[in-house]
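Asker: Chain by chain, the residues run as shown.
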Amino acid sequence: MIGAIAIGLGGGIIAGLLGVGGGVLFVPGLVIFLGLGQHQAEATSLLAIIPVAIVGTFVQDRYGNVRRHDAVLLGLLSVAGAGAGVALANALSGAVLRDAFAALLLIVAAQFVRRAQTLGRGAAITPAAGDSAAGGDR
Amino acid sequence: MLAELSSHRSLRLALIGTLAGLFSGLFGVGGGSVIVPLLVLWLGYEEHAATATSLAAIVFIAGFAALTQGLYGNVDVVDAILIGIPAVIGVVMGTRLQQRLPARTVALLFAGVLVLSAIELILR
Chain F
1 MIGAIAIGLG GGIIAGLLGV GGGVLFVPGL VIFLGLGQHQ AEATSLLAII
51 PVAIVGTFVQ DRYGNVRRHD AVLLGLLSVA GAGAGVALAN ALSGAVLRDA
101 FAALLLIVAA QFVRRAQTLG RGAAITPAAG DSAAGGDR
Chain S
139 MLAELSSHRS LRLALIGTLA GLFSGLFGVG GGSVIVPLLV LWLGYEEHAA
189 TATSLAAIVF IAGFAALTQG LYGNVDVVDA ILIGIPAVIG VVMGTRLQQR
239 LPARTVALLF AGVLVLSAIE LILR
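Order-wise, the sequence lines are chains F and S. Here our numbering is used: the first residue of the first sequence is 1, the next is one more, and so on. Here our numbering is used: the first residue of the second sequence is 139, the next is one more, and so on.
Next comes chain F alone, as it looks inside the complex:
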């Protein structure tokens, strides 16, 4: 239980700091520290992301940044893709899915190394650096 809370808090802090979604941290956290299988970790991560995205949306909406019409359209039109993605994940073995996810982590890591190179050593993290505050998901 404490492990799960630590994963949530740690993942959330990094998500807020860097404007990434929690998922990229929740999934490995659940596999490595709580011993969940890859499928269970991904499924559980999806549910855990929802409250983070809801709160982030409210904060961003107050700043007038959310284009509501596009967001709803985008969200509703994702249903086929989301279903197909989940079906694909469940058609793959845990080992294959885990390796594919590890590859995804390396790609995201490379993106952040590249971003770090363009940032000044002492620069604060600002939206101008590429992302926005309050749990933006990248």
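Please note that the accuracy of each hint is not assured.
The following label-pair restraints were derived from C-beta to C-beta distances [claimed, not checked]:
1) S:G208 / F:F33: 20 to 28 Å
2) S:H146 / F:A95: 20 to 28 Å
3) S:P175 / F:M1: 35 to 43 Å
4) F:R62 / S:E258: 35 to 43 Å
5) S:R238 / F:L88: 37 to 45 Å
6) S:P175 / F:L76: 15 to 23 Å
Everything labelled a hint here was simulated from the structure, so no lab data went into it. Beta carbons are placed, not taken as given, at the ideal position from N, Cα and C, and that holds for glycine.
Please arrange chain S on chain F, whose structure you already have, making use of the hints.
Answerer: Positioned in the frame of chain F, the structure of chain S alone reads:
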């Protein structure tokens, strides 16, 4: 012409939504890394609006994907709540800390955590 432009937009939104859904469902993440760049590239969004709109869309996308995973019996609801609620607190803390920590260091640390996680997953 306006109607044509608008249907063009809807088509692009549908395509972005489908791609993000696939990505989210396959990997258990929000899909923002797909949505944000495509909103900027295809619909001329600026970064702030793209990130904010992406977040709102993710509520639906992660919802659909979680629901489908639930049908497969893969969702651990208790763990999800134990992670999701502290994560909300963490995001608020992280957002406040944002102004005080050097971006470069945080980005590199994050990349390091991801690489270590990837190695740990591959070795399993």
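Asker: Each hint should be assessed against the structure and marked as holding or not.
Answerer: Okay, the hints, checked on the actual structure:
The given range of 20 to 28 Å is respected by S:G208 and F:F33, whose C-beta atoms sit roughly 23 Å from each other. Between S:H146 and F:A95 the C-beta distance comes to about 42 Å, which lies outside the given range of 20 to 28 Å. As the Cβ distance of S:P175 to F:M1 is approximately 37 Å, the hint placing it in 35 to 43 Å holds. In this structure, F:R62 and S:E258 meet the distance hint of 35 to 43 Å, their C-beta atoms being roughly 39 Å apart.
As the Cβ distance of S:R238 to F:L88 is approximately 41 Å, the hint placing it in 37 to 45 Å holds. A hinted range of 15 to 23 Å holds for the C-beta pair S:P175 and F:L76, which are about 21 Å apart.
Going down the numbered hints, you'll see the structure goes against just number 2.
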